[in-house]
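Sequences are here, hints too, so could you generate the full structure?
If you count by the numbering used here, then the sequence shown holds residues 136 to 500, one letter each, in order.
No lab work stands behind these hints: they were computed from the structure.
Honestly, I wouldn't trust all of these hints.
To be verified - Below, in silico cross-link-like pairs of lysine-lysine (DSS-like), each with a Cα-Cα straight-line distance of 30 Å or less:
1) Lys330 / Lys297
2) Lys157 / Lys297
3) Lys342 / Lys330
4) Lys297 / Lys342
As the list claims (entries may be wrong) - Now the in silico label distances, taken between C-beta atoms and shown as ranges:
5) Ala389 / Ala287: 21 to 31 Å
6) Ala146 / Lys342: 33 to 43 Å
7) Ile220 / Ala287: 56 to 66 Å
8) Ile219 / Asn332: 31 to 41 Å
9) Pro267 / Pro432: 21 to 31 Å
10) Asp251 / Asp295: 17 to 27 Å
11) Pro462 / Ala287: 57 to 67 Å
12) His310 / Ala287: 49 to 59 Å
13) Gln154 / Ala262: 26 to 36 Å
14) Pro267 / Ile220: 47 to 57 Å
Where a beta carbon is used, it is the ideal one built from N, C-alpha and C, also for glycine.
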Amino acid sequence: MVRFNTDPLVAPLTTQEIQALKQRRRQGEFGPTTHGLYVVGAIGVIALIGGHMLWTTVQLIGVMVSSGDSPRPLWQSFLPILIIIAICATALFMVLLIRAYLRRQRSWVLLARFADANGMRFGIRSAEPRYPGLLFNEGRSRASTLHMFSPAGVLADVGDYKYVTGRGDNRTTHHWRFAAFRLPHPVPHLLLDAKANNMWMLTNLPKAFASSQRISLGEPFDSHYQLYAPDGYGRDAFQLLPPHVMEALLNAPAVYDIEMVDDWLFCYTQSQQDLTNPATWRLLEIIANGVLGSLAPVVGRYSDSHLPGQAAAPALYGPGTPALVAPLGRRLRSGPNLGLALLIVGVIGAIGFFLFIQMTYILAR
Numbered sequence: 136m137v138r139f140n141t142d143p144l145v146a147p148l149t150t151q152e153i154q155a156l157k158q159r160r161r162q163g164e165f166g167p168t169t170h171g172l173y174v175v176g177a178i179g180v181i182a183l184i185g186g187h188m189l190w191t192t193v194q195l196i197g198v199m200v201s202s203g204d205s206p207r208p209l210w211q212s213f214l215p216i217l218i219i220i221a222i223c224a225t226a227l228f229m230v231l232l233i234r235a236y237l238r239r240q241r242s243w244v245l246l247a248r249f250a251d252a253n254g255m256r257f258g259i260r261s262a263e264p265r266y267p268g269l270l271f272n273e274g275r276s277r278a279s280t281l282h283m284f285s286p287a288g289v290l291a292d293v294g295d296y297k298y299v300t301g302r303g304d305n306r307t308t309h310h311w312r313f314a315a316f317r318l319p320h321p322v323p324h325l326l327l328d329a330k331a332n333n334m335w336m337l338t339n340l341p342k343a344f345a346s347s348q349r350i351s352l353g354e355p356f357d358s359h360y361q362l363y364a365p366d367g368y369g370r371d372a373f374q375l376l377p378p379h380v381m382e383a384l385l386n387a388p389a390v391y392d393i394e395m396v397d398d399w400l401f402c403y404t405q406s407q408q409d410l411t412n413p414a415t416w417r418l419l420e421i422i423a424n425g426v427l428g429s430l431a432p433v434v435g436r437y438s439d440s441h442l443p444g445q446a447a448a449p450a451l452y453g454p455g456t457p458a459l460v461a462p463l464g465r466r467l468r469s470g471p472n473l474g475l476a477l478l479i480v481g482v483i484g485a486i487g488f489f490l491f492i493q494m495t496y497i498l499a500r
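Following this line, the structure appears as structure tokens:
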């Protein structure tokens, strides 16, 4: 039974705790150290000095203009007011920037204290997480941020994840939230693409898989998820996702895309996942105890009939013995995004129809 102690997330922070955690951060315990507050302070000093120099320049211009015989232009009368507005806007921007930094600092302090209380470790930024899930091989500059991880237990890692694609003007940073759970044995590669976070027929996932691998598990499951299994593994999907596991997935109070690969189960979402909120950990408990609690015994009994001798001796892989998966079932085959293809065809067809109507109208005149 997985249970997290969320008291450290709501208990007041003491000055001693904050200083002790800051000292551990300076020693590099939570990942690369940053000096964000110094940067904010330097920007503030530069802004104030620049504003003072600009104000002094305006005063000198005013003195020079007033000493002449020609009348002052109208814009010079409003220039001091505009400068004051610019300085006030800069000061407001600095205040908001510092407040955002302090909020982020409070977040990592709370998470670090939570990790200590729950036997986990906290990382502000961990580059290139090495997981077999489909998100973790996309793009470049891959990193887990503000995440909690543990070398033991059901929940292995949870937090934010980002990677970068494209260059120059086409550069895009992709932000995800994830949770990585350990399975008792390796299983075939299965993907549950949640329909609730898709747009029309377009998956929100960065990779599409061949439609020939789609498996139907019947209603009401098919109304909520699109299941993908390797060719020839439909029966295995039914074995690994029996009705009580499907019911646990449908009752989970959040929408995640779920991937089972090797001996891992990953939950992905682009929605908010605030780890400083105790409700998030209650949700992770539900997933761990509900979904994984139902799934673990099934996985423990699973054996791949595609391996030589398995059909005749399915009990060969008992509890505590790593179950093997045939090469055919270890990874899904990628394929074109049919939703995107249909959208492109629809747009091209609409443009063609519009041009046809226009040409018909011109010829008829």
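Against the structure, the hints:
With a C-alpha separation of about 22 Å, the suggested pair lysine 330 and lysine 297 falls inside the 30 Å cut-off, and the hint holds. This hinted pair checks out: lysine 157 and lysine 297 have alpha carbons roughly 25 Å apart, not beyond 30 Å. For the hint pairing lysine 342 with lysine 330, the CA-to-CA distance comes to about 15 Å; that is within 30 Å, so the pair holds. Of the pairs offered as hints, the one joining lysine 297 and lysine 342 holds, with about 15 Å between alpha carbons and a cut-off of 30 Å not exceeded.
The beta-carbon spacing between alanine 389 and alanine 287, approximately 25 Å, falls within the hinted interval of 21 to 31 Å. Judged by the Cβ atoms, the range 33 to 43 Å given for alanine 146 and lysine 342 holds: they are separated by roughly 42 Å. At about 58 Å, the CB distance of isoleucine 220 to alanine 287 agrees with the hint of 56 to 66 Å. For isoleucine 219 and asparagine 332, the hinted distance range of 31 to 41 Å is not satisfied, since their beta carbons lie about 47 Å from each other.
Against the hinted window of 21 to 31 Å, the Cβ-Cβ separation of proline 267 and proline 432 comes to about 23 Å, which satisfies the hint. Range check, aspartate 251 to aspartate 295: Cβ separation about 20 Å, and the 17 to 27 Å hint holds. Under the hint 57 to 67 Å, the C-beta atoms of proline 462 and alanine 287, about 29 Å apart, miss the expected range. For histidine 310 paired with alanine 287, a C-beta distance near 28 Å fails the hint of 49 to 59 Å.
For glutamine 154 and alanine 262, the hinted distance range of 26 to 36 Å is satisfied, since their beta carbons lie about 28 Å from each other. A beta carbon spacing of about 55 Å between proline 267 and isoleucine 220 agrees with the range 47 to 57 Å that was offered as a hint.
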